Amino acid sequence: MVIETHDLSKRYGRVVAVEGLNLQVGEGEVFGLLGPNGSGKTTTILMLLGLTEPTSGTAQVLGHDPVREPLSVKRQVGYLPDSVGFYGEMTAWENLRYTTRLLGLPRLEAEKRIGEVLERMGLADVAQRPVATFSRGMRQRLGLAEVLLKRPKVAILDEPTLGLDPEAALEFLAMIRGLKAEGITVLLSSHLLHQVQAICDRVGLFHRGRMVLVGTVRDLAERVLGGAYRIRLRASAGASLAERLKSLEGVGALRQQDGSWYLEARRDLRPELARAVLEAGGELLELGLEEPSLDEVYARYFQEVRHAEAA
Amino acid sequence: MLRLREGSPWTGLWAVFFKELADHLSSIRIRLLEVLIALSALGAVYTASQTLRQTVSEDPFLFLKLFTTEQDPLPSFVAFLSFFVPLAAIALGFDALNGEYGRNTLSRVLAQPIYRDALLFGKFLAGLATLGVVLLALFLLVAGLGLLFLGVPPGGEEVGRALLFLLATLVYAGIWLALAILFSVLFRQPATSALAAIAVWLFFTIFWGIVAQLLAQALRPVDPFNPESALANAQALLFLSRFSPNTLYAETILVLLNPAVRSLGPVLFTQLEGALIGTPLPLSQSLLLAWPQLTGMLAACTLLFTLTYVLFQRREVRA
Numbered sequence: 001m002v003i004e005t006h007d008l009s010k011r012y013g014r015v016v017a018v019e020g021l022n023l024q025v026g027e028g029e030v031f032g033l034l035g036p037n038g039s040g041k042t043t044t045i046l047m048l049l050g051l052t053e054p055t056s057g058t059a060q061v062l063g064h065d066p067v068r069e070p071l072s073v074k075r076q077v078g079y080l081p082d083s084v085g086f087y088g089e090m091t092a093w094e095n096l097r098y099t100t101r102l103l104g105l106p107r108l109e110a111e112k113r114i115g116e117v118l119e120r121m122g123l124a125d126v127a128q129r130p131v132a133t134f135s136r137g138m139r140q141r142l143g144l145a146e147v148l149l150k151r152p153k154v155a156i157l158d159e160p161t162l163g164l165d166p167e168a169a170l171e172f173l174a175m176i177r178g179l180k181a182e183g184i185t186v187l188l189s190s191h192l193l194h195q196v197q198a199i200c201d202r203v204g205l206f207h208r209g210r211m212v213l214v215g216t217v218r219d220l221a222e223r224v225l226g227g228a229y230r231i232r233l234r235a236s237a238g239a240s241l242a243e244r245l246k247s248l249e250g251v252g253a254l255r256q257q258d259g260s261w262y263l264e265a266r267r268d269l270r271p272e273l274a275r276a277v278l279e280a281g282g283e284l285l286e287l288g289l290e291e292p293s294l295d296e297v298y299a300r301y302f303q304e305v306r307h308a309e310a311a
Numbered sequence: 001m002l003r004l005r006e007g008s009p010w011t012g013l014w015a016v017f018f019k020e021l022a023d024h025l026s027s028i029r030i031r032l033l034e035v036l037i038a039l040s041a042l043g044a045v046y047t048a049s050q051t052l053r054q055t056v057s058e059d060p061f062l063f064l065k066l067f068t069t070e071q072d073p074l075p076s077f078v079a080f081l082s083f084f085v086p087l088a089a090i091a092l093g094f095d096a097l098n099g100e101y102g103r104n105t106l107s108r109v110l111a112q113p114i115y116r117d118a119l120l121f122g123k124f125l126a127g128l129a130t131l132g133v134v135l136l137a138l139f140l141l142v143a144g145l146g147l148l149f150l151g152v153p154p155g156g157e158e159v160g161r162a163l164l165f166l167l168a169t170l171v172y173a174g175i176w177l178a179l180a181i182l183f184s185v186l187f188r189q190p191a192t193s194a195l196a197a198i199a200v201w202l203f204f205t206i207f208w209g210i211v212a213q214l215l216a217q218a219l220r221p222v223d224p225f226n227p228e229s230a231l232a233n234a235q236a237l238l239f240l241s242r243f244s245p246n247t248l249y250a251e252t253i254l255v256l257l258n259p260a261v262r263s264l265g266p267v268l269f270t271q272l273e274g275a276l277i278g279t280p281l282p283l284s285q286s287l288l289l290a291w292p293q294l295t296g297m298l299a300a301c302t303l304l305f306t307l308t309y310v311l312f313q314r315r316e317v318r319a
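Protein sequence lines correspond, in order, to chains C and G. Last residue of the first sequence: 311 in the UniProt record's numbering, with the numbers rising by one and none dropped. Last residue of the second sequence: 319 in the UniProt record's numbering, with the numbers rising by one and none dropped.
Take these hints with a grain of salt, some might be off.
[Unchecked claim] Pairwise CB distance ranges, derived in the manner of DEER restraints:
(1) 9/G to 112/C: 57 to 63 Å
(2) 120/C to 148/G: 57 to 63 Å
(3) 88/C to 303/G: 48 to 54 Å
(4) 136/C to 148/G: 53 to 59 Å
[Unchecked claim] Taking lysine to any residue pairs in the SDA-like style, the calculated list, with each CA pair at most 25 Å apart, reads:
(5) 112/C to 18/G
(6) 180/C to 110/C
(7) 112/C to 22/G
(8) 112/C to 27/G
Treat the hints as calculated values from the structure; they're not laboratory data. Given the structure is predicted, the values throughout are model-derived calculations rather than measurements. For glycine and all other residues, C-beta sits at the position ideal for the given N, C-alpha and C.
Using the sequences provided together with the hints, build the complete structure.
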């Protein structure tokens, strides 16, 4: 395990920021810490980096304890904070040069790496411009360039797509996928579930300081939404279609919205559905499998939690 | 289970030091301060040399007079310095750490393999080095101009005294720098910390003298029929006023630059028996006289810096 925590907790006075966190991230994995703002994601990240001390519990990052061996951890772990900042009056190159000095890299090696990472992040042309003139997206890319400067084994990215326009966000996510291809373990946090679900191997959903669900997106969908398969059906249907659909074996929830039917099923029911529509004398217009969305998983899960609490 | 943290707290210290030094030396505020101080130096040297030419006579420490001579309306160089040095130190330190918060750079820098110690020490040392460079340049400027105007080279002891004076000024600057950095940890807004530091400076420059007088009067009232009470009052006043770094600095440089000064407190006639009033003390004796003041300033500086260190170590990284 690259990252491992045991009952990691952080309290600020009586406020619980993180409670009993047991997290395991394997090598080469992209793990997403997901949840709304203030649910404990950033605190978790800071504890993993040794930037804040846990109240109780332990953490191991690459076999080191961040509290006692923070330098070993920080030498191998790249960190991109949310709303990353640079010294505005210095150029991009100078900012990175400062980082290489803090890393203790010799000059030639440092300059070689700076050239590489700026090239890779598409910032080579603006390397000599003061960072104050950079857009949000460029700053974010410079932040990732700084992470790569370390040649890290683990990259921790806090809200990497926050504040980026959709195009820049997609571009940035592709860059994160590139890290995985290099064998870098990635831990990222986000509250924009739909944006990051595509690149995460596994996700942990946070709620009020607790990681309440953990697994692959598909796992979670199966667990929370009841059916792993979500099928969308559009048909100019006879009146009896609803009855027929409900009577099919394996159909879970069924709802109609904007002229389409949404079904949840335990297995791929598409052939049966097509037959049912034809037998009902309707015309099949559209039939497709929908990827489960994390937003829905999240919303549904907390709906259930609230119901359980109310009961 | 007590385990030491790994590695050295000094890792990265020089990286921070040189970055901050470069920032300081190229910043606009240091330009402004340089202009101000250079102007004051010129003024001071000019008045001093004008006055000194008329009274050149037999003073063996003519060179030191360059720093201390005043002529209305212009104060002496030393008076200028004791006024400007705290302001310069505050200007260099007031946004040391809250500035990093404001620019969102703190967490990024601390995610590099360094301890917070390195960041804090680096910033403090860089500020001190900047002040040192400015002071040294200024001192050489005044000394050089003095040589040109007066045409009298300084003796060995005079140079020694002048260098000690420079050192004392740097320690004095260190107090205000440490205070400014302390406020930059305490307050989130750079404007607030700058104002707070200037308020403290104003308090000691203007109000502490008055407060000390009132307190001394209340604690050791002067009885017109008892001369002992007058002495007690004077001693209480001196004791209280020495809480101000300004007093300590003023006393230190008075002793260092005036070899004729033999005591800093009230002197009784009985103590003067056999003394040759006006004969200069050797440097070692002057240093001995100013030693408590120098140590006091050093202690204040260390105390403030330690407080800053403790507070900064406990501060959360996220804003």
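Against the earlier hints, flag every one the structure doesn't satisfy and list their numbers going up. 1, 3 and 8
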